[in-house]
Every structure is written in structure tokens, then in C-alpha cells.
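S.K.: Read top to bottom, the protein sequences are chains A and B.
full-length UniProt numbering puts the first residue of the first sequence at 1, with every later residue one more than the last.
full-length UniProt numbering puts the first residue of the second sequence at 1, with every later residue one more than the last.
Worth flagging that the hints you see were computed from the coordinates, not collected in a lab.
Beta carbons are placed, not taken as given, at the ideal position from N, Cα and C, and that holds for glycine.
A portion of the hints provided could be inaccurate.
Cβ-to-Cβ under 7 Å is the rule here; a few derived chain B residues that face chain A [as the list claims (entries may be wrong)]:
| hint | residue |
| --- | --- |
| 1 | F18 |
| 2 | C52 |
| 3 | S53 |
| 4 | L54 |
| 5 | V55 |
| 6 | N56 |
| 7 | L78 |
| 8 | F89 |
| 9 | T101 |
| 10 | Q102 |
| 11 | G104 |
| 12 | G107 |
| 13 | P109 |
| 14 | S229 |
| 15 | F232 |
| 16 | V233 |
Sample of chain B residues lacking proximity to chain A, with all beta carbon distances greater than 12 Å (derived) [said to hold, decoys possible]:
| hint | residue |
| --- | --- |
| 17 | T2 |
| 18 | G15 |
| 19 | D97 |
| 20 | M141 |
| 21 | V260 |
| 22 | K289 |
Read off the chains here:
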Amino acid sequence: MRTDAMFTAYKTIIVREVRRFMRIWPQTLLPPAVTMTLYFIIFGNLIGSRIGVMGGFDYMSFIVPGLIMMSVITSSYANVVSSFFSMKFQRSIEELLVSPVPNWVILAGYVTGGMARGLGIGLIVTLLSLGFTQLSIHHLPMVVLTVFLTSALFSLGGFINAMLATKFDDISIVPTFVLTPLTYLGGVFYSIDMLPGFWQGVSMVNPILYMVNAFRYGILGVSDVNPYVALGMIMLFIAILSAISLRMLARGKGIRH
Amino acid sequence: MTNALEIEGLVKTYGDGFEALKGIDLHVAEGDFFALLGPNGAGKSTTLGIVCSLVNKSSGKVRVFGSDIDTHLSDAKLNLGVVPQEFNFNQFEKVFDIVTTQAGYYGLPLKKASESAEKYLRQLGLWDKRNTPAMMLSGGMKRRLMIARALVHEPKLLILDEPTAGVDIELRRSMWTFLEEMNRQGTTIILTTHYLEEAEALCRNIAIIDHGRILRHTSKRALLQQLSSETFVLDTAEPLDEAPVLEGFFCHLDDEGALVVDVDKGRSLNGMFIQLEEKGIRVVSMRTKANRLEELFIRMVEDNNTPAAKQGETA
Numbered sequence: 001m002r003t004d005a006m007f008t009a010y011k012t013i014i015v016r017e018v019r020r021f022m023r024i025w026p027q028t029l030l031p032p033a034v035t036m037t038l039y040f041i042i043f044g045n046l047i048g049s050r051i052g053v054m055g056g057f058d059y060m061s062f063i064v065p066g067l068i069m070m071s072v073i074t075s076s077y078a079n080v081v082s083s084f085f086s087m088k089f090q091r092s093i094e095e096l097l098v099s100p101v102p103n104w105v106i107l108a109g110y111v112t113g114g115m116a117r118g119l120g121i122g123l124i125v126t127l128l129s130l131g132f133t134q135l136s137i138h139h140l141p142m143v144v145l146t147v148f149l150t151s152a153l154f155s156l157g158g159f160i161n162a163m164l165a166t167k168f169d170d171i172s173i174v175p176t177f178v179l180t181p182l183t184y185l186g187g188v189f190y191s192i193d194m195l196p197g198f199w200q201g202v203s204m205v206n207p208i209l210y211m212v213n214a215f216r217y218g219i220l221g222v223s224d225v226n227p228y229v230a231l232g233m234i235m236l237f238i239a240i241l242s243a244i245s246l247r248m249l250a251r252g253k254g255i256r257h
Numbered sequence: 001m002t003n004a005l006e007i008e009g010l011v012k013t014y015g016d017g018f019e020a021l022k023g024i025d026l027h028v029a030e031g032d033f034f035a036l037l038g039p040n041g042a043g044k045s046t047t048l049g050i051v052c053s054l055v056n057k058s059s060g061k062v063r064v065f066g067s068d069i070d071t072h073l074s075d076a077k078l079n080l081g082v083v084p085q086e087f088n089f090n091q092f093e094k095v096f097d098i099v100t101t102q103a104g105y106y107g108l109p110l111k112k113a114s115e116s117a118e119k120y121l122r123q124l125g126l127w128d129k130r131n132t133p134a135m136m137l138s139g140g141m142k143r144r145l146m147i148a149r150a151l152v153h154e155p156k157l158l159i160l161d162e163p164t165a166g167v168d169i170e171l172r173r174s175m176w177t178f179l180e181e182m183n184r185q186g187t188t189i190i191l192t193t194h195y196l197e198e199a200e201a202l203c204r205n206i207a208i209i210d211h212g213r214i215l216r217h218t219s220k221r222a223l224l225q226q227l228s229s230e231t232f233v234l235d236t237a238e239p240l241d242e243a244p245v246l247e248g249f250f251c252h253l254d255d256e257g258a259l260v261v262d263v264d265k266g267r268s269l270n271g272m273f274i275q276l277e278e279k280g281i282r283v284v285s286m287r288t289k290a291n292r293l294e295e296l297f298i299r300m301v302e303d304n305n306t307p308a309a310k311q312g313e314t315a
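For reference, chain B alone in the conformation it holds in the complex:
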């Protein structure tokens, strides 16, 4: 299968000498739903900026569906749709004009551009706002407008940089559903996000970047299997004043008063329930804590920031 994106030895040194990328390698398979994760300043936006031609690379190779951006930039760009982190449209222009203008830049004649714009504005719930100047839209609408604009030329690879930043939960969920549907229909999606829950819910493969280096590049499943324990959240029939002490399990109460239990991988849950029964605690529901990825992420980034890791980096 072709790779939607291939990055080899990508280096970016800014004018002030700051080395944002220190030779990263990355590949994203066609059809994948891929997350690029990392703390602020790790190099995520620089990487995506280079892929989208918004940042000049210092060295290295980037290929989009086999088209090298050094030799076949136009072909590479035709396959790309970009949703940046910041709003970057003319605030005075009307919604419909913004989307059809973008289609025109990709060479779509006006009739085809208008049809495509209508399709995506309807799908993203913005058709009623088509004649509204962009500045009059809410934050969530502006985000959806940028997605419609990125899709209007029907790219094979969609890149989203923090697509749900500042969006309320309901809208975020509806955007997830939309993106999952796009991915099911064959669009390869790469996203960066601060919401690790988002990456865990949507993505199949993940790369973690920090200080301009890729720390891990693997499948979500393989990554999660690294967790030596799993965390469960238990809702009890009666509210608890304090967490019970269970032999072999570490328990605490979360902010909502639910019982949170860490269970070592491979350990039976029966023992936990027997002990809870003995203490008269009745469990009415149970779920896995969603942000398992967050734990791993924090651990990896912390490991990368230890003096030993930094020494290795300098050497």
C-alpha cells in the first residue's frame, strides 16, 4: 500500500538558530487515522507546516502520496487539505466565498466549486450561514468552516492541527463523527491534538514528538499495551467518604467522588469485587478510564526530559 506521507531525516533550524526538528522520520499509511502528539513547542506544527509548504525545511525529504515536495510540489499539494490551528481566513468575506475561492485555487471551475462547497457546508451545518461574513460566526462555526474549506477540493490526505481546540464537548463529538466518516470513506487523516482522549478515540497509529525528535511511532494498541496497569472508574450506590483499602489494588476517589482503582495487568478483577462486597460497597457501574494514553504520554515526555535523556541528546 502507498504511504500517504513519508518523512525522512527532516531538519528545521530557524533563523535564530533554534533547531525545531532534529532529523525526524515518519510514515503514514494511506487510509490511516494518525495522531502526532507532543507538548507545546515539540515540533508538531513545524512538521505539518513543512508538509503544507507554510514552513521552509532546512533538510530532509517529504513525500505526499509519492510526490516529493522538492520536485513535484504541485502534485503533492493537490492531494493535501489543511486545517490550521489558528483561524486564517479573511474575516470580512462571506462563508460561501471563502470556500469557493479556495476551490478556485485548486483549479475547480466555479460550477464544480459551488457544488462541492454546498456539499461540505451542508455536511458541517454551515449552509444556512453561507452568506454570513466569517467574522460573525461563532468559534465552533469558524473551525467547521476551515474543515469545509480544506475538503472542498476533495483531498486524499487531510491534516488537522488542533481541530477541536476551544470547541465545546457536543460539537467536538460531532466533529469526531464527521472525521471518522471521512476516514471510512478513504480520506487519510493526520491530526495533532492536546486532547489525548481525542487521539485515543479516533486514531489507529500514533507518533509522539518532543524536542524535535520522534520518541515513539507505533500503533495505538501497541502503545497502550505498554501500560503495566489499567485504571477503572467505579460508581458506587452510596457515596464514599474515603477510598477503601483493598489488598493488591490502589484506590482513590476522583473529583466527582467515584472510586478509581488501578489494576495491574493480568490481575483478576474478582478479588477486587470480593473485597468491595466484604466492605459493603455496592458497585452500580464501571468503566475504563478513557485517558490511558495521557498517562503514557506524560511518562514518555517526562522520561525524555530527565538529565540522562538530555545528556544523550547533546551527545
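One chain only, chain A, in its complex shape:
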């Protein structure tokens, strides 16, 4: 397939993905906006005003980066897992399989589609947060890199989940029992300095902690971990999950007999 044709195919997958999540915006765009607004009101305003300072900032300012990251992570993951699994379920994945689109373009298209939704939600949540607090950027490249790479990583995670899933239950197990606990325990609402030594050690094996803190460093300039180590980890995970996804596509795992 020629390079320009591959680029057209890549754009086509992205357009289709964006069209899909825009078509069902009450399911895709609205819920995170409502949920995050409630978080800002309840945790930030009502409870936060009694908590006081955390990490040198008022509680609302402290949790905003984590909440933005949380919405980016869940939306990126949810977009790819539900879209790709639906295509498998309806067998419309065959439209792609019979076409000459190379596997890496298919993967890139879905990941970019997931990032489009994840980053779009991130932008919506950021704009909403401006109604509750003032945001200043401490390190713009770190903010941009962290949010883009994290969105790509969780889009890849959603892709692998969709490839392995055989029924609808399988696409909700990981988000409910893995992603949500890791996100809540990933330092979104607290600094791990508050935890006893043992639990601080346990928290250090949670990959989401690194992403939330790298992003928080980019915005507030404070972090529980070294943000550059966090960036390196995200890139390593992206490389590993990309290799796994491409291998699954090449073998036709769950999509070819």
C-alpha cells in the first residue's frame, strides 16, 4: 500500500472514531463532565475547604491535575475498548481485515481515536476546573508530554482488552476492578506523604501514581515522584503494549479464525 494511501486509511479510521463518539455524546462526553463537576463541588469546595493545604497548595488546586488525568485515562481506555469490541461483536471489523490497511496503521488509527476522546475530555474538564480554581502551568512541555503519552498508553490498554474480550462483561472488568482502584489510589486525592511507610512503598508500584504526579508537576511544580522517571516509564509501557497489540493483530487473536 502506498504511503499516501496508508495516510488516507489512517485518517479514515480517526474520522470514523471521532464520528462515533460525537454521535453518542450523551454517553461519551457528558458523563465525565458531570462527574468531574461534582468532584470539584464536593471534594474541592465543600470538603476541600476544611482539609486546608496539601503539597503547599489549597486542596482544590491539588486535586485538579489528578482529576484531569483521571478523566483522560478512563476516556481514552473506554473509547478504544468499546469501539473495537463493538466492531468485533458486529463483525464490522471485517471491513478493515479485508482491506489492505497494515496492522500498525489500524493500531495507530484506534489509538489516535482514543486519544482524541481522552484529550477532548481532558480539555472539557480543564475548562470546567477554571470555574473553581485558577490554573497556572509550571512546565508546559511536561504537561503536554504526560497527557499525550498517558492517553496513548491507556488507548493501547483498551485495544488489548478489546482484542482479548469475548463478551461485553470482559470489557467492563478491567475498568471497574483494575483501572478505577488504581486511579483512586494513584494520588489523585492525596499526597502519598500522608500514607504510612508500608503503603507508600505499595503505592510506588502503581503506574498511575507516576502519571498523575508527572502531570501535577507540570501544572503545580510539585510531585511525589521524579517526573522524568515517570515519563520514561510511560514510554516503556507504550513500547511494550504496542508490541503486544501488533503481535495480537498479526496472529488475528479473537478476530480471525
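Let chain A serve as the given structure and place chain B on it in line with the hints.
M.R.: Just chain B now, kept in the frame of chain A:
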């Protein structure tokens, strides 16, 4: 002339050990209208699935217009258009989007994709439905949508797996006309069908597959010449209560009361008409029974299922 499709020693063994294809060889010439026939589970869809990259082969070679799917898969796919047996589009998407998206997967820029989509949606009578979500279409429209989608990148080889399943007679005939026109314009067509009348009406060459083996691979004409007798359907001026007994001919009445006569190959029809005249039966019209292929097909598949044939298969 190049072959549109060449298959050599194709084997497919599924994960549970079921051997769906046992080393089949097949070739389809460019420009042909070819039918792959066989009972359910014979291996038709598996064969076409492998050609279209929907099924992984266990071993063997497949070439589409000379491009080996192991080494030049992308080139092979560019020449292929596929109409599967089951509806496999996103039911929530609009008709026009489904077709242009497929064109995009083949690298057609949006303008060209839109022009091509319009051309085929118009030809298949779906242009008025272009902004309708696919789920709102009737069964026949959905089938035509899959044909438009398969043609949007103008493939040289069109593969149709049961394209007229569940379609009413009128629509089926109009789809035949459309496919014949596509074939006249140079598109090679391979179809599988349960309607043997369809294969007899459309195809020039035929392969019959059963239990993962090709039983026969020849021209339709050569196949039909194997029939030792021909069957005629006679409409009589007066309805008959029972079939007359004619010397040298086997007669019976069909469900509509028409007289059906089997005539051995090479036997003159004059004798039949003389005997009918003598019995006072006036024939007002006569036609050849259309599903001659069906008789052959059933015979071949039955022969293949005899204990002797199965023994040979095991050995």
C-alpha cells in the same frame, strides 16, 4: 490469460482439530463468472474466508491476480472486493458513511471516495437512502449496501458469499442483472450460493466442494452434459388428473399440475408428442426444467457420502 485466483493445496484445520479443507486446488480465470457450490459445512466459506484474510490458512498457496497472500498481501487485497454472507457493517452508521469509509480503507481520498460511493449507490438503488442509518434498511437493501461497499474501490475480483440469501425473487433477478453487467465490464466474479438455479443462470465455470475436497471443477456446460436425461415441463390446455403413461418416457405431475417428462439424452421428442396427441392431451407450452444443476449436485454429494467414498477419504 492471468488467473484471477489460484489456490494450491489449501488446508485449514481449526483449533478443535476439525479439518475444514483437505488440500484443495482451484483456479479462476480473469473475467470468469465462477460458482463454488457445496452443502452446508462443505468448506465454501472457509475457502473464501482465507482468500479474503478473514480466516488463517494452515498451509497451501493462494494468489490473487498473481499476488501471493503470504508475500504480497496488500496487492492481493487491493484487487479484491468481498460481499460476506452475514451483514457485517455498523448498523448505527449511515449508508453513505459506510461506503466512503470502506473506500478510505483502500486509500481513496474523500472526493474520489464520495464520487465512487454515489455511482454504486445510484446503480444499486440506494442513493435516496444515503443518509439513513443502516439498521433502518430492509434485508434486500442491506444486501445491496454490502455490494456497493465491496465495489467502491473498483476491485478486479468480486467475491460474493450467498449474495441473494433471503432476497425476494424480483430483487434477486435485478441483482443477477447487475452482476452480469459487472462481469461484462470485466470484473471477475466468484459466488457461492444455495440457489443452484442462480449458478446455472449466471456462471460459466463451477466447482463443487464437499467435506473439504473439490469433487468437480469444470465448465457448467461440461457438467450439464453429464446428465443422462433432460427434464421438460409441459403446460397442457386441460388440467390432468394423473400423469399419462408414455412408452420410453417417464412422466409425473409437479405441484402446479404441469406435466414433467424425463427424456433420455439423444432420444427424439417426436415420439412423446405423438403419444400425447393420441391420448388427446394438447400441449400449449414447454420449457426445460431450470434446476438441472441441482440434480447433478445432489447426485455428486450423495456419491461422495457413500460408505465406499468415505472409506477412500479415510485411507
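S.K.: So B:D97 supposedly isn't at the interface. Is its beta-carbon more than 12 Å from every beta-carbon in chain A?
M.R.: 7 Å, violated
S.K.: Does the interface hint hold: is B:P109 within less than 7 Å of chain A, judged Cβ to Cβ?
M.R.: 6 Å, holds
S.K.: Next item in the hint list is B:L54. Is there a CB on chain A closer than 7 Å to its CB?
M.R.: It holds, given that the least Cβ distance between B:L54 and chain A is near 6 Å, below 7 Å.
S.K.: Using the nearest Cβ pair, does B:V55 come within less than 7 Å of chain A?
M.R.: Result: holds, 5 Å to nearest chain A Cβ.
S.K.: Would you settle whether the hint for B:F232 is holds or violated, based on the nearest Cβ-Cβ distance to chain A being less than 7 Å?
M.R.: 44 Å, violated
S.K.: For the restraint on B:C52, tell me whether the closest CB of chain A is nearer than 7 Å.
M.R.: The hint holds - B:C52 has a Cβ within 7 Å of chain A, the shortest such distance being about 5 Å.
S.K.: Holds or violated: is the Cβ of B:T2 farther than 12 Å from all Cβ atoms of chain A?
M.R.: At roughly 19 Å from the nearest Cβ of chain A, B:T2 sits farther out than 12 Å, so the non-interface label holds.
S.K.: Against chain A, does B:K289 hold up as non-interface, every C-beta pair farther apart than 12 Å?
M.R.: Since the minimum Cβ distance to chain A is about 38 Å, B:K289 lies beyond 12 Å and the statement holds.
S.K.: Given a cut of 7 Å on the nearest C-beta pair, is the interface hint for B:F18 held or broken against chain A?
M.R.: With a closest approach of 11 Å, the B:F18 hint is violated.
S.K.: Going by Cβ atoms only, is B:G107 closer than 7 Å to chain A?
M.R.: This interface hint holds because 2 Å falls under the 7 Å limit.
S.K.: Under 7 Å, Cβ to Cβ, is where B:T101 needs to be relative to chain A, so tell me if that hint holds or is violated.
M.R.: 5 Å, holds
S.K.: Given B:S229 was flagged as interface, is its beta-carbon under 7 Å from a beta-carbon of chain A?
M.R.: The hint is violated - B:S229 has no Cβ within 7 Å of chain A, the shortest such distance being about 42 Å.
When the structure is compared with the earlier hints, violations turn up for hints 1, 14, 15, 16, 18, 19 and for no others.
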